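Chemist: Letter by letter, the chains look like this.
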Amino acid sequence: MRYTDEYRDPQAARRLIDEIGRTTLAPFSIMEFCGGHTHAIMRYGIRQMLEGHVHMLSGPGCPVCVTADVDIDRVIALATVPGVMVATFGDMIRVPGTRSSLQQARATGADVRIVYSALDALELAQQNPDASVVMLGIGFETTVPTVAASVIQAQEMGLTNYFVYSMHKLTEPATRGILDAGEVHLDAVLGPGHVSAITGWGMWEFLPRDYGIPCAISGFEPLDILQAVLDIARALRDGEPRVSNSYRRGVTAEGNAVAQSLVARVFSVDAAEWRGLGEIPDSGLWLRPEYQAFDARAAIEIPEDAIAEPSPERRACRCGEVLRGVMTPPECPLYDKLCTPATPIGPCMVSAEGSCAAYYRYGGSII
Amino acid sequence: MCLAVPLAVKRIHGALADVEIGGVMRQVSLVLTPEAREGDYVLVHTGFAISVLNESEAQETLALFAELAEAERQLDEEEALRLSDTEAGA
Amino acid sequence: MPQDAMSDVILMAHGSGGKLSHDLVERVFIKHLSNPILNSLEDAAAIDLTDGNGQLRGQPVFTTDSFVIQPIFFPGGDIGKLSVCGTVNDLSMQGAIPLYLSSGFILEEGLPLRDLETIVASLAVTARGAGVQVVAGDTKVVEHGSADQVFINTAGIGVVPPGVHIAAKRARPGDVVLVSGAVGDHGLAIMTQREGLRFESPLQSDCAPLNDLVRAMLDVCPDIHVLRDPTRGGLATTLNEIAEAAQTGIAIREMAVPVHEPVRAASEILGLDPLYVANEGKLIAIVPPAKAGIVLAAMRAHPLGREAAHVGGVVSDHPGRVVLETVLGTRRLLDMLVAEQLPRIC
Numbered sequence: 001m002r003y004t005d006e007y008r009d010p011q012a013a014r015r016l017i018d019e020i021g022r023t024t025l026a027p028f029s030i031m032e033f034c035g036g037h038t039h040a041i042m043r044y045g046i047r048q049m050l051e052g053h054v055h056m057l058s059g060p061g062c063p064v065c066v067t068a069d070v071d072i073d074r075v076i077a078l079a080t081v082p083g084v085m086v087a088t089f090g091d092m093i094r095v096p097g098t099r100s101s102l103q104q105a106r107a108t109g110a111d112v113r114i115v116y117s118a119l120d121a122l123e124l125a126q127q128n129p130d131a132s133v134v135m136l137g138i139g140f141e142t143t144v145p146t147v148a149a150s151v152i153q154a155q156e157m158g159l160t161n162y163f164v165y166s167m168h169k170l171t172e173p174a175t176r177g178i179l180d181a182g183e184v185h186l187d188a189v190l191g192p193g194h195v196s197a198i199t200g201w202g203m204w205e206f207l208p209r210d211y212g213i214p215c216a217i218s219g220f221e222p223l224d225i226l227q228a229v230l231d232i233a234r235a236l237r238d239g240e241p242r243v244s245n246s247y248r249r250g251v252t253a254e255g256n257a258v259a260q261s262l263v264a265r266v267f268s269v270d271a272a273e274w275r276g277l278g279e280i281p282d283s284g285l286w287l288r289p290e291y292q293a294f295d296a297r298a299a300i301e302i303p304e305d306a307i308a309e310p311s312p313e314r315r316a317c318r319c320g321e322v323l324r325g326v327m328t329p330p331e332c333p334l335y336d337k338l339c340t341p342a343t344p345i346g347p348c349m350v351s352a353e354g355s356c357a358a359y360y361r362y363g364g365s366i367i
Numbered sequence: 001m002c003l004a005v006p007l008a009v010k011r012i013h014g015a016l017a018d019v020e021i022g023g024v025m026r027q028v029s030l031v032l033t034p035e036a037r038e039g040d041y042v043l044v045h046t047g048f049a050i051s052v053l054n055e056s057e058a059q060e061t062l063a064l065f066a067e068l069a070e071a072e073r074q075l076d077e078e079e080a081l082r083l084s085d086t087e088a089g090a
Numbered sequence: 001m002p003q004d005a006m007s008d009v010i011l012m013a014h015g016s017g018g019k020l021s022h023d024l025v026e027r028v029f030i031k032h033l034s035n036p037i038l039n040s041l042e043d044a045a046a047i048d049l050t051d052g053n054g055q056l057r058g059q060p061v062f063t064t065d066s067f068v069i070q071p072i073f074f075p076g077g078d079i080g081k082l083s084v085c086g087t088v089n090d091l092s093m094q095g096a097i098p099l100y101l102s103s104g105f106i107l108e109e110g111l112p113l114r115d116l117e118t119i120v121a122s123l124a125v126t127a128r129g130a131g132v133q134v135v136a137g138d139t140k141v142v143e144h145g146s147a148d149q150v151f152i153n154t155a156g157i158g159v160v161p162p163g164v165h166i167a168a169k170r171a172r173p174g175d176v177v178l179v180s181g182a183v184g185d186h187g188l189a190i191m192t193q194r195e196g197l198r199f200e201s202p203l204q205s206d207c208a209p210l211n212d213l214v215r216a217m218l219d220v221c222p223d224i225h226v227l228r229d230p231t232r233g234g235l236a237t238t239l240n241e242i243a244e245a246a247q248t249g250i251a252i253r254e255m256a257v258p259v260h261e262p263v264r265a266a267s268e269i270l271g272l273d274p275l276y277v278a279n280e281g282k283l284i285a286i287v288p289p290a291k292a293g294i295v296l297a298a299m300r301a302h303p304l305g306r307e308a309a310h311v312g313g314v315v316s317d318h319p320g321r322v323v324l325e326t327v328l329g330t331r332r333l334l335d336m337l338v339a340e341q342l343p344r345i346c
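For the protein sequence lines, the chains are A, B and C, in the order given.
Once you know that position 336 of the first sequence is 336 in the numbering used here, the rest is easy, because the numbers rise by one and skip nothing.
Once you know that position 5 of the second sequence is 5 in the numbering used here, the rest is easy, because the numbers rise by one and skip nothing.
Once you know that position 231 of the third sequence is 231 in the numbering used here, the rest is easy, because the numbers rise by one and skip nothing.
Same shape as in the complex, but just chain A (with noise of 0.2 Å):
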């Protein structure tokens, strides 16, 4: 398969790592900010081949992690509402809210369906005009403009029973968050490629510029990231904090135009709350006024009594501090014994990109 099979090979893997050893001065430590770069690094091994020359840090770009309870309890209601069709991509359908998830509110009746993109949401309001269909609309800047486009075509079509509940996210706020934190020491960050193919590669320019570290874009598969990881040792050799374009066939410096100016149109940022890093300003998506008639939240009342009490093994929870990458999975206490893929007590463990998942299923402790 082009453009994927030519960024597996086994010998240039070998080499990139070579090269990374002998360019490195001391050991050093990179966030990956993205779930699918926790996913892939374990999934490849990577980071045993990195041992010695660098410690990966998982950030807190798992859009379905950091999505606060207070909203997941939210769509766990709006899904139990008559008439209401929840859609949503396969990722958020087992994560557990305050009390619930999707998963069980279908089991008992809710009419939740999984959806590959915004563009079947669409087909499911045309094909069923008596139901309400609500997008759960999660992602950071990579899915933001499709469900930009989802609303607007929605609004050509005409179509009165198509939603979006949004609890879309942005990527610099948080990033900023956890520096600014300083729980953390982080001497590089690995950049998300794919939210960079929309906003540009010039949008992480403050991390050099206001935090005096590097940053590479990286792709995702394994020689997309060891490329990454090798710039960003070369770029701490030289003492010069740069953002590094390490994925260069997908991402250019100011990005998608068209995808942003989409985005513009059919919302606004504002404050909004993430778990593990408390209310952040300017860093969520908002339908703007123009297009409250396809907003969730305006158009369809949700339960008062969505939001429930926390269990005791939920309020020990400490998938925050995961996500802030001052934990690493096996240093919680609830990890492996009261909280696993079976029975997951936080996102962290349930979602496909959360570290703990991640840690989980690719045996961080026994390999």
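It should be emphasised that the hints constitute simulated quantities derived from the structure, not laboratory data.
Keep in mind it's a predicted model, so treat the numbers as computed, not measured.
Be aware that a few hints might be false.
Heads up, incomplete: computed chain A residues facing chain B, CB under 8 Å, no partners named [unchecked claim]: (1) Arg-15; (2) Gly-35; (3) Ser-117; (4) Leu-119; (5) Ala-149; (6) Ala-197; (7) Ile-198; (8) Arg-248; (9) Arg-249; (10) Val-258.
Beta carbons are placed, not taken as given, at the ideal position from N, Cα and C, and that holds for glycine.
Chains B and C: place on chain A using the hints.
Modeler: Showing chains B and C alone in chain A's frame:
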């Protein structure tokens, strides 16, 4: 946010395109990449093309990996020469 | 209404035991499944597990499986075909010769009769091809909404020939792990048909009865230690089950596991891992190292084993766990599936 796959654009009709990888066909939206042309490769995320892949940049990246191979080969050669010099001198 | 006319959908009356039920059995089930035992329509079937000399042909084994798959028609098969393959394969994984099946149908009121006939015809063709007889059956009808079109339960009886002793616990360090062909076809073919995922692709279920392949393998090596078909949860989960039962480790090479290109491509798009995707026409064999070569050759000589491969081995390290050597040559844990893989965005 992360899962996007490179797919080949086979045929375009309006804002939609038939894309293909490994024998699997799918229809995706080009609303975010109106500049895409038949024969291009696009990164697809949740049914939308988000970026047109830059073929020449891709080639350059692969060339960099090859360069590393060459550099390493030279290093190995130098190392081998050095060792044999040492032995010869001993 | 003329005597011969049948309703074109299943009605509650088809399950009530009266004339309509009897007609259904005659015109659909007997028509396709006809054999002397079934045709006698007694309340219970007399079966024979002995050879020409009145001796038991082997250790009798008995299994059951229920089939609720959606959609009921999928590329490469349907629920009828699957209901035979699943149970025949359960018996085959014990090393048994499958002999008799029962087939119990639960039909949803409103199911088109044409669909039922297609399913029963498919079931019959598959059973005949596998050399098994359907000797007992039952049909019930439930109200519209109480079942998903059709559910089938298949129980099966076979005999394990003397000298064959297959059990997960028999896996030993040093044994070789073989797979009969490419993985992930069935699960991906199903997933591409589900609501919301549209592909125009050549993905087909690999649904097939494996008893003849197993026969060919046992002929060259009666001492096969383990046979398992990697159905739900895929290759990874099944290997974990074996490792757990045998309390040994299993090491697999990712590069060695055959995966068809379209399966790989569809998995990439949806963010799935073919190692965790269900198969309905594949088997894992764990064999003594000295026999690995001839067993593999026997598999490749068989139509259902053309792409058979040596994928790894049983080891004494990490007992109970499966470790994968990745395409990069690094090692990582290959855990079992916790919950159904779903398409993801991240």
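Chemist: Run every hint past the structure and note whether it holds.
Modeler: Each hint tested on the structure:
1. Contact between Arg-15 of chain A and chain B, as hinted, is supported at the beta carbon level, the nearest pair being about 5 Å apart and thus within 8 Å.
2. Below 8 Å, beta-carbon pairs count as interface contacts, and Gly-35 of chain A has one with chain B at about 6 Å; its hint therefore holds.
3. The restraint placing Ser-117 of chain A at the interface with chain B holds, with a minimum CB-CB distance near 3 Å, inside the 8 Å limit.
4. Because the smallest distance between the Cβ of Leu-119 of chain A and any Cβ of chain B comes to about 5 Å, under 8 Å, the interface hint for this residue holds.
5. About 5 Å separates the beta-carbon of Ala-149 of chain A from the nearest beta-carbon of chain B, less than 8 Å, and the hint is met.
6. The interface hint given for Ala-197 of chain A is met, as the beta carbon of that residue sits about 4 Å from the closest beta carbon of chain B, less than 8 Å.
7. Against a cut-off of 8 Å between C-beta atoms, the interface hint on Ile-198 of chain A holds, since the closest Cβ of chain B lies about 6 Å away.
8. For Arg-248 of chain A, the shortest C-beta to C-beta distance to chain B is roughly 4 Å, which falls under 8 Å, so the interface hint holds.
9. Look at Arg-249 of chain A: its Cβ gets to within about 4 Å of chain B, closer than 8 Å, so that hint holds up.
10. Taken as an interface hint, Val-258 of chain A checks out: its beta carbon lies about 6 Å from the nearest beta carbon of chain B, inside 8 Å.
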